[in-house]
Amino acid sequence: MASAYLNARLLDPASGLDTVGGLIVKDRVIADLGPSITADGLADDIERIDCGGACLAPGLVDIRVRVGEPGEAHKETIASASAAAAAGGVTALACLPDGPEPIDRRAGLEYVARRAREIKSTKIFAYACVTRGAEGRELAEMGLLAEAGAVAFSDGGNAVADALVMSRALAYAGALGKTIVQHPEEPRLASEGVMNAGEIATRLGLSGIPRQAEPIMIERDLRLVELTGARYHVAHVSTAESVEILRRAKRRGLPVTCDTAPPYFALTEIDVGDYRTFARLSPPLRSDADRQAVVEGLADGTIDIIASDHWPQDVESKRLPFALAEPGIVGLETLLPLTLELVHRGHVPLMQALAALTCRPADLIGQKLGRLAKGAPADLVLFDLDRPGRIEVDRFRSKSKNSPFDGRPVSGAVLATIVDGRPVYQAEGFG
Amino acid sequence: MQRIIDPMPDSSVPERLRQRHLLAISDLSEVEITLLLDCADSYVEQSRQPDKKSSQLRGRTVINLFFENSTRTRTSFEVAGKRLGADTVNMSVGSSSIKKGETLIDTALTLNAMHPDVLIVRHPASGAVELLSQKVSAAVINGGDGSHEHPTQALLDALTIRRRVGRLAGLKVAICGDIMHSRVARSNIHLLNIMGAQVRAIAPPTLLPPAIERLGVAVFHDMRAGLEGADIVMMLRLQLERMQGSFVPSTREYYHLYGLDRDKLSVANPEALIMHPGPMNRGVEIDSDVADDINRSVILDQVELGVAVRMACLDQLTRVLDAEGGD
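Chains as they are written, first to last, in my numbering: chain A, 253 to 683; chain B, 20 to 346.
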């Protein structure tokens, strides 16, 4: 059984393709694509889907998601995260290993893989911990974990803070051909803080996390990268200094990549307002100058990837005094429209924004995904670039609704999500 | 001896507060602060009579809900409520159960079902009182939330100064000590700025929060420089656990550099008043000799006027409730 997506704006950031045409899916892969594919000349047994001029791009690859399992199924499950991902146009995601039951042994990876197979929707990959229990002391069994399918190593929301441990982790992972993904925060400097340090925290009587906690960790790690030559990725860059440090490191040719998440280019510390716990996250929201620097980093390619940083929290974890609330924002279903804000405002070209959501994150996790190419898996997102709407948390598929973006007007909507040639999501009124 | 001045009520003062809750000084305007201080002035005499009781709040239920240990503030509110004829109830929630997140909202909803008219709430987390105020129909008074605000303390400090000096505008007020962790300091900085005083913050850098100067204070790390010509010296309490190498090296070093004694005080205005929100650590942030100087120290005035200020807050907020009920 084959399908043809016709009359689509084909967008492939990896090759630079941007053309109106069609795409044929057969046997779960892209059989053909290009401007010459139209309804004329198609075999009769091919299903035809008229895209009405909408954008057809590789499905989004989200490199940082918390799926709630194992251990926090009251906040999210692999099934609900998959449904949210599908609604958000995400066809592959990598989940973090630092939940209540850290993925630091093969069994953890096997559990995630088994659940993902059962659900048969979004492709779900997993990081494994750099250190046992993500506690930052002893190395996890990185070799065995790599063999069992860990896409990269990370201690999730915990920084690998000990310089000796980090140095050895980088060297060891380098030999395995795996990347270390670091949460860039000097934990002692950040230990008492709950939001960005500065006037707003002082007015609210909240202890601050000094912005320097982030570049300090990145600068240290870059020295260790020079020492070991290993690949290193900085998660959720949030300060202007970090962007500048990484810009220079890339110029020097270091094997370094980095990402950010929509809150860091769409919000600032002002959004904490009167103790809005939905605006509590880690790293914290920063100043507007930082936000602008993150946008510039995306525009000039210093920041390679945009991840959702999807971190579901139930009501009980957020309906608390600010300092007692858990950090995190659900992001799978807002990743595309918030990224498209950058495009509509003229900050980042469409192709570059899509690259940050597709081929580049796929490369980071070492998967041949995120591309429109003959023979590539038919993981696709069909979206209307301009459709106006509002973010409505009540419509989220995610089990948790902790988003500060509720009610935000956005342009752009996912119409359909296809994984291995099979539609896993279709918007109302489409298909 | 200073002369005690009872200023005449200003005709521009409004009849009522705009808000139902008293959560933060930063929510108040100059005229609202003046309204509360004028009202408090009128209650000072009542508290000095043999029969101290009136009936403004008769039939009203006032609950003191304290999630943090307190003797002074809680007692002051309790006395204030009783003097106005309210039924006052104290409820303390152990600090061990606070971490259980849900306690705050659940407690609020439980108490709300008992139809209290005023809730006075103290909580160790900044913003907790505001969160609670969103869930109840009673008027809420912030009795101190984390390091955020302690509005009735700032009001009673202002009343103390106003009754002794006759004004707030133009005074040089030095606030000394652990400003970083102090809700008293933040409320006072806001109130004194609103009322036109010049505020100085004196502390070691490790006890000053970032960007504190943006709240309208001049920062001094040298206590003598900060006290130069000061009309009012407000000392803050320093938690002893913060003095053993974490924020400052030692108690004795702190006392040497930032403890208020006669020598350091000599550069201030010769008539400068000395204030402290209590309880004092004598020999740590303040010398006993200074604390007990009957001509300079107004620390016991603060306690007395604290009751009057809290009576005024209860009175004014229940007037707002009355007006709402009449709408």
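For the record, the hints were derived by calculation from the structure and aren't laboratory data. On a predicted model such as this, the values are computed, not experimentally measured, just so you know. Fair warning: there could be bad hints in the mix.
[Unchecked claim] Pairs of lysine-lysine, DSS-like flavour, derived with a Cα cap of 27 Å: (1) A/Lys278 with A/Lys502; (2) B/Lys154 with A/Lys653; (3) A/Lys651 with B/Lys101; (4) A/Lys620 with A/Lys278; (5) B/Lys101 with B/Lys72; (6) A/Lys372 with A/Lys626.
* Identify every previously stated hint that the structure contradicts and give their numbers, smallest first. => 1 and 3
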